[in-house]
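Single-letter residue listing:
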Amino acid sequence: MTDLTRRSLLGVGAGAAALGAVAGVGGAYAAQRTDGSGPATPSVDDQVVAFRGEHQAGITTPAQDRMHFVALDVTTTDRDELRDLLKTWTRAAERMTAGAEAAPGGVVGGGPYGVPEDTGEAYDLDAADLTITIGYGPSLFDGRFGLADRRPEGLRELPAFVGDDLDPARSGGDLCIQACANDPQVAVHAVRNLVRLGFGVGSVRWSQLGFGRTSSTSRSQTTPRNLFGFKDGTNNVKSEDGAALDDHVWVQPEDVPGATSWLAGGSYLVARRIRMHVEVWDRTTLQEQEQVVGRTKGEGAPLGQKAEFDTLDLTTPGADGQPAIPADAHVALAHESRLGGIRILRRGYNFTDGSDGLGHLDAGLFFVAFMRDAHRQFVPMQKALAAKDRLNEYIEHTGSAVFACPPGLTADEHWGQRLFS
Amino acid sequence: MRTPTLTVALTALVLAATAACSSEPTEGNAAVVGGPITVEATDTSCTVARTRAAAGTIEFTVRNTGSKVNEFYVYGEGDQILGEVENLTPGLTRSFHVEVATPGTYQTACKPGMKGDGIRGDFTVTGATSSQAPDAAMATAVADYQEFVSAQADALLARTTEFVDLVKAGKVADAKKAYPLARGPWERIEPVAESFGDLDPKIDGREDVVEEGMQFTGFHRLEKDLWASGLQPDTSVVADQLLVDVKEIVAKAKAVTLNPLQLANGSKALLDEVATGKITGEEDRYSHTDLYDFDENVKGSKAAIDALRPVLKARDAALLATIDSRFAALDTALDAHRTDTGFESYTALSPAEVKALAVALDAVSEPISKVAAVVAK
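Residue numbers (this note's numbering), protein chains in the order written: chain R, 11 to 431; chain D, 16 to 392.
Bear in mind the hints are in silico, worked out from the structure with no lab data behind them. Certain hints may be false.
Derived coverage of chain D by chain R (criterion: at least 3 residues anywhere in the stretch with Cβ under 8 Å from a Cβ of chain R; other residues may be distant) [claimed, not checked]:
1. 91-97
2. 196-209
3. 376-388
To list a few chain R residues with every Cβ distance to chain D over 10 Å, as calculated [stated by the list, open to error]:
4. G210
5. S213
6. T295
7. H345
8. E346
Derived pair list, reagent style DSS-like, types lysine-lysine, alpha-carbon separation capped at 30 Å [stated by the list, open to error]:
9. R/K316 / R/K398
10. D/K262 / R/K97
11. R/K97 / D/K186
12. D/K370 / R/K97
13. R/K316 / R/K97
14. D/K130 / R/K97
These numbers were taken from a predicted model, which means no experiment stands behind them. Using N, Cα and C, we set each Cβ at its ideal position, and we do this for glycine too.
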């Protein structure tokens with residue numbers, strides 16, 4: 011073995027190239043199109059949504075068609091490892107939202123003996139308006155990482171609601187990543203690669219695929235339908251709503267004083283996995299369906315009105331002289347006039363997770379909504395719905411989580427910085 | 016389970032490691048003759064000032080005069096990256112070095128917008144191939160690991176002999192105790208053992224992977240007899256055959272010649288075994304002694320890393336430190352299930368406990384998967 015060289019050890023024949031890799035890697039990515047002045051805007055040309063800006067993309071961004079959502083438990087107890095992961099995620103997320111591989115040359119550039127740094131299934135695909143939105147759960151601030159004093163007052167677990175049938179394995183989490191795109195493969199690729207980068211620091215607690223949007227977050231979008239066949243999100247807060255966004259969606263500086271100020275400009279995300287008993291619903295008459303929802307099925311008009319966007323009026327009488335919209339209809343209970351002006355930005359997705367073993371689809375709505383304060387907005391709304399909503403006969407909440415989504419990133423900033431600074 | 020770990024085709028490239036991130040000219044070599052090669056990258060073009068250079072260290076200075084974020088790459092065969100600079104924002108100029116030791120034709124590429132194949136151009140490297148010094152550390156790593164394999168092979172023979180004797184004597188209770196222990200050395204060197212074709216299924220094949228025309232023999236057949244179906248008329252014959260097969264594989268394992276990449280891949284393959292066979296409770300479905308095998312696979316994986324330790328320490332100390340700390344965490348997770356005599360039954364684990372083991376296993380498997388590339392540098 012005296013004349014052993016690396017070459018002979020590796021059994022390499024003559025003619026092979028001996029190469030040295032030298033990397034020039036530095037700083038974070040700059041955004042492709044960052045004006046820093048407002049919400050992320052969609053692009054018409056390159057299907058790229060700006061990653062950086064005042065607020066995170068994926069909230070007021072016009073809702074994409076597909077979603078892959080994942081909640082993780084942090085498994086390390088090392089604060090620096092968590093911070094490093096947030097930095098690593100930032101870089102990979104920015105690259106992927108630009109349509110690039112998770113790392114330069116990630117698919118084949120590492121050579122035959124390297125493990126590809128990017129999993130490859132989105133290699134030839136466009137960015138498909140991919141957005142990657144991160145959020146932090148209440149449990150992240152339990153003291154393991156020295157963040158206890160940084161927990162915003164509003165970041166608390168949701169209370170139990172009447173009728174909840176929550177599965178702990180589909181609820182909670184220290185971190186969440188919401189990946190939305192117009193191509194499901196792009197969204198799944200994003201989550202898969204971020205999860206992979208997190209092995210050893212965090213592990214997946216639960217995840218949810220959504221195959222079709224159920225809300226519009228922009229006036230440029232048509233209103234989609236949920237699995238009950240009704241238009242959903244007609245009265246949503248929209249990205250064009252300027253002042254309403256500040257009132258109802260974005261956490262304001264006065265909401266998060268002192269050590270919790272890292273959340274200013276962010277938003278609370280509430281996720282609820284709502285199983286729909288679609289087979290039972292499908293056996294329900296049209297009249298009953300419309301009474302339960304409070305809108306017409308075809309046009310989506312409030313009962314008693316003509317067109318989808320006609321003003322919803324809870325006093326307009328029907329043929330029998332009673333209010334056309336029953337007091338316990340879904341839209342009545344959820345309406346801001348009944349809830350002291352409360353509104354939320356809904357951004358949910360239809361899902362089916364196969365079947366339930368009884369011959370029924372395990373299908374429903376993965377409700378995702380963003381708001382300025384979950385406990386002052388979602389909680390009273392859901393309390394009202396849980397108590398009286400006629401829809402409850404057809405639905406069941408099986409998963410629940412709340413996260414605080416930090417504001418957008420400035421140039422060169424990464425997700426770990428403001429939280430840990 | 017069989018995995019084709021040791022049949023890795025070894026072709027192509029040897030990589031020489033350098034980490035020249037500074038802009039200081041590297042010592043020796045006719046490196047920076049003619050100065051840095053300037054590259055102008057726009058949204059639609061990639062102009063490389065010179066497309067020839069002598070083998071050695073080559074410096075590029077890349078300027079992004081376009082409106083999109085750009086990247087510049089130097090590629091070898093099969094688009095392997097020899098050097099790259101990313102995050103070139105509009106207006107930015109950055110320099111980097113790439114080490115090319117072998118003359119030949121390479122490619123350069125600008126990637127406006129960071130995606131696609133980029134704007135390619137050929138790049139020629141001239142001169143003589145720089146020779147490489149023998150790598151004593153690598154040779155030592157291989158020698159150390161072969162010694163480990165040899166010692167495990169001896170233990171496998173001794174313990175299998177003991178186990179077979181107990182089975183043949185009809186001492187079921189003692190044979191049950193000896194079963195997981197006899198498998199230990201096997202599990203530690205499984206990728207080596209599995210490289211000998213038919214012997215692996217004969218010794219370690221599970222009932223569901225027995226191919227048509229083949230008998231169900233080996234450890235798992237005896238496991239089934241001991242725990243499930245009771246001793247059968249042919250149990251002794253199967254036991255004798257196991258010893259014959261083990262003797263053959265021991266002789267082969269002691270004679271095997273390995274290379275460093277096989278150590279790296281073997282280390283990974285052992286953890287893959289745990290992930291696909293042991294964490295699921297499939298391996299020892301009658302005895303439920305899966306955690307013994309789990310532990311031995313991990314020990315075998317660690318042994319390969321230990322043999323490579325001096326190499327890894329020199330080339331990627333951070334990776335080695337991560338591997339060490341995550342192996343330690345995995346050990347702690349396994350320790351929770353140790354008993355006075357060995358390990359708890361797999362069936363005693365709650366789903367949450369299985370998940371905790373899987374999380375610790377994933378944590379170490381990711382960095383282990385990067386070892387081969389470090390060894391191949």
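Worksheet entry | Earlier hints that do not hold, by number | Going through the list in order, the structure violates hints 2, 4, 5, 10, 11, 13 and respects the others.
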